[in-house]
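Protein chains: 2
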Amino acid sequence: MKVVVLCSGGLDSVTALHAAARSHEILAVLSAHYGARHNDREIPFAARHAAALGLPHRIVSLAFVAECFTSALLPSGAPVPEGHYEDQSMRQTVVPFRNALLLSVATGLAESIGAEAVVIAAHGGDHAIYPDCREAFMRAMDEAMRLGTYPGIRLLRPFIDLDKAGIVRRAAALGVDLGQTWSCYRGQALHCGACGTCIERREAFQLAGVPDPTPYQHQPPLPPRPPPHSGE
Amino acid sequence: MKVVVLCSGGLDSVTALHAAARSHEILAVLSAHYGARHNDREIPFAARHAAALGLPHRIVSLAFVAECFTSALLPSGAPVPEGHYEDQSMRQTVVPFRNALLLSVATGLAESIGAEAVVIAAHGGDHAIYPDCREAFMRAMDEAMRLGTYPGIRLLRPFIDLDKAGIVRRAAALGVDLGQTWSCYRGQALHCGACGTCIERREAFQLAGVPDPTPYQHQPPLPPRPPPHSGE
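Residue numbers (my numbering), protein chains in the order written: chain A, 1 to 232; chain B, 1 to 232.
These aren't lab readings, by the way, just hints derived from the structure by calculation.
Incorrect hints may appear among the rest.
What the hints assert, rightly or not - Which bits of chain B does chain A cover? Going by a derived footprint, with three or more residues having C-beta under 8 angstroms, they are: (1) 134–144; (2) 179–188.
What the hints assert, rightly or not - Among the chain A residues that face chain B by a calculated CB cut under 7 angstroms, a handful are: (3) 64; (4) 68; (5) 107; (6) 109; (7) 132; (8) 144; (9) 149; (10) 188; (11) 192.
Where is the CB? At the ideal position from N, CA and C, for every residue including glycine.
Let's have the full structure, built from the sequences with the hints guiding it.
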C-alpha cells in the first residue's frame, strides 16, 4: 500500500516507520514542528531515519499552535510536570486536538501525492487522559479521512495492539537503534529521566527486557505503576 | 454558546459571522492563510468585519499547504478553470482535506480558549465535487471533534439548510455589506466575474433578488445552470 508515515522522531513512530518500510511503499515521512519544547530534539531523529531508509522527509510548520493553543508542552505553558502519565497533572501536557491536526495534514499530503493511507504509531498503551488518543476518536477520524477525500484515505494503526514495551521489543526485532529517538518533553540536551514520558520510556525498556541505550540526565527510581484505569 | 467562527472573508462566512454575533458569544474569529491565490484578497475582509464587531481575529499560517499539497487554487497549480462548479474541471480547485484542516485548527483553538463549539458556514449548496463538503464527512468530523477534546467541542453549521442565494437573503436581512467580502479564486484586484466561484456569486444575488454590490472585471452572461446532480 502507498502510505504517508507520521514520524515525530520518537520511539513509537520511528519504529512504526521501520516496520512500514517492510510492508508498504512509503511515499513520504511527515514531521510537524508545532513549537513544543522538544520538537527541535526529536525531528532531527525523524530526518535521520528517513534518510537512512532513502525516503523523502517533509517537515511542516504549525507555528500557530504555539501562538494560539495552551499546553505545558509549549513555551508559553507551565513547566512540564513529573510523574506518571495517568496523573491528572499530565493533562497539562495535552496539546488540544493535536492528533486531528497531524492527521489532517498527513491526509491532505497523502491525497496530494497519491498515497492511499496514513500510518500513525498510536498504540494500546496510549493514554486515556488524552482524548485524541482514544479509540473512539481514532475511529471517527478514520471515517472523516475516508469520507473527506477522493481516494478514501485510510488510517493505519499497526501498533494498536501493542503497548510501549511491545514496541520496544518490535524495534529490537527490526534492528532499530532506539538510541536514535527522542521522548523527553523537556527538550534539553539529554533526556531528563524524570518527566512522564521519560518514566514511560525507561519503564518500557525495563518491561521489554531490552537494554536502554538512552543517556539520561538523572535516573531516579521508577515510581510504582499506578493501577490500570478502567477503560475510556 | 461560546464559539470560534471560521471566517475566510468570503460571502458565506462573513454572513455566518454576523449571524453568530447575534446568537452566540464569539471568543475568536479565525482565518487561515494557506497560500492560495485569493487568500490575500479575502482575509482583509474577515479582519474588517471582526474589527467592526469588536472581536479578536486570529490569522494562522498554513504555508505548508502551498508547499506540499496540489490544487489549482495554489500558485503551483494549474490555472483556475472557468464555468460551473459542477463541472469536472472544478475538481482541480479542491485543496485536499482543507475543511478537516481548518476545523482541526479551530477546534484546538476553541479548546484552548474555552469555547464550546466551532461555527463553519457550510451550506446546503456546497458542492458534492468536494468530498470534505459532504454531509457524511461533516458528521464524522463533528464526532471526531466531540470525542477528541475534553469539553466535547461541537460543530455548528447554521447555514446547512440554506443555499447561497438564501445566504445572500440572510445577509441582506442582517444588514451585512456583501460588497465587503471576497469570492474570486483568481485573487486579482477585482472579482474576475467568470471563474466558478464568481459565477456562483453572481447567480446567488440574481436568484436572491438582491442587488449585487460587487465590482467585476467582466460580466459574461451567466451560463445555463446544470441540472441538479443526483445526491452524493
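Each hint, compared with the structure:
no.	hint	result
1	134–144	holds (count 7)
2	179–188	violated (count 0)
3	64	holds, 4 angstroms
4	68	holds, 5 angstroms
5	107	holds, 5 angstroms
6	109	holds, 5 angstroms
7	132	holds, 4 angstroms
8	144	holds, 4 angstroms
9	149	holds, 6 angstroms
10	188	violated, 25 angstroms
11	192	violated, 26 angstroms
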